[in-house]
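A.B. asks: For what it's worth, the numbering used here labels the leading residue of the sequence shown as 1, then goes sequentially.
Source of the hints: derived by calculation from the structure; they are not laboratory data.
Keep in mind that the hints are not guaranteed to be accurate.
Think about it this way: if two alpha-carbon atoms lie no more than 20 Å apart in a straight line, the pair counts; the simulated SDA-like pairs of lysine to any residue are [unchecked claim]:
hint: 1; residue 1: LYS35; residue 2: PHE95
hint: 2; residue 1: LYS232; residue 2: MET181
hint: 3; residue 1: LYS250; residue 2: LYS74
hint: 4; residue 1: LYS13; residue 2: LYS74
hint: 5; residue 1: LYS250; residue 2: MET228
hint: 6; residue 1: LYS202; residue 2: MET181
hint: 7; residue 1: LYS202; residue 2: THR192
hint: 8; residue 1: LYS79; residue 2: LYS35
hint: 9; residue 1: LYS35; residue 2: ALA136
Here are the simulated distance ranges between beta carbons [to be verified]:
hint: 10; residue 1: GLN118; residue 2: LYS250; range: 18 to 24 Å
hint: 11; residue 1: THR54; residue 2: GLU139; range: 29 to 35 Å
hint: 12; residue 1: GLU212; residue 2: THR54; range: 32 to 38 Å
hint: 13; residue 1: LYS26; residue 2: THR54; range: 38 to 44 Å
hint: 14; residue 1: ALA111; residue 2: GLU230; range: 28 to 34 Å
hint: 15; residue 1: THR159; residue 2: LYS13; range: 57 to 63 Å
hint: 16; residue 1: ARG206; residue 2: PRO235; range: 53 to 59 Å
hint: 17; residue 1: PHE160; residue 2: LYS202; range: 18 to 24 Å
hint: 18; residue 1: ASP209; residue 2: GLU9; range: 47 to 53 Å
hint: 19; residue 1: THR5; residue 2: GLU114; range: 35 to 41 Å
hint: 20; residue 1: LEU240; residue 2: THR5; range: 50 to 56 Å
C-beta atoms are modelled at their ideal positions from N, C-alpha and C, and glycine is treated no differently.
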Amino acid sequence: MSYYTTAIEGIPKMLLSIENPMEGFKRKQFPDVFKAYYEAHRPTLEAIENGYNTVVDKEQFLTNMGYALADAAKESIDKKPKKSQRENLLMDYNFCLAVYIYPAILEFRGASTEILVQKVGEAWKDRFPRSNVQPAGYEQINAGFKRKFCYITTAVCRTFGKPDDCYELNCFRNYRDEYLMSSEEGEEAVRTYYDLAPTIVKHIDRREDAGEIYRNIWDVYLDPCLRMIEQKQYPECQELYTRMVRNLQKEYFFEH
């Protein structure tokens, strides 16, 4: 079997083989889950690298890889009869791309790596224009359990000059890890948040009135949520936090 055949057949499996993307996305499990995922798909990455090193049109070779992945996702999504099912599956696939596929490609560290990430991103954006999945390596994702998965709260606390290990951020992280990640509904909330929050923060940060926006987010949503966590009103906090994300999505997810 040629390198091209192995690669073009293997790269869609990097997505479609993940049955429950949230199952292993927990602080203690993720390192082992990711390692197993990476080793399972390493032959595909090796075939892409070997093919890249031998073909004449290297850019087209990697473009084909990007579209093989994106088209497999689109075909799977298009089979769903209901809009809500299609949206949920796309959210799952965005999560898989961010947390497993991009990190695995970057972990390989080959001559093809950086361009492959670029071509995958271009194909994904072409097939799913509303997606805004940014590449990150395994170490960045793994460190995110402590730092980066409270995007909006971190941005707000930064506005107030609070450090990364401040009381407020630690409360929200503990709430995420110990309460939300303990149930399917909570995992769904985390997955939705991860899909939307980075882009929301990016677009707010570009505005001249970003500081005022973040202060309003604190007053209207985060400060009440913090009080609920302190009083162990966990479902109420989840409801308000979800409402915050949805309202901010409507206002800031798309650039105006």
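A.B. asks: Tell me, which hint numbers fail for this structure?
C.D. replies: 3, 5, 6, 8, 10, 12, 14, 15, 16 and 19
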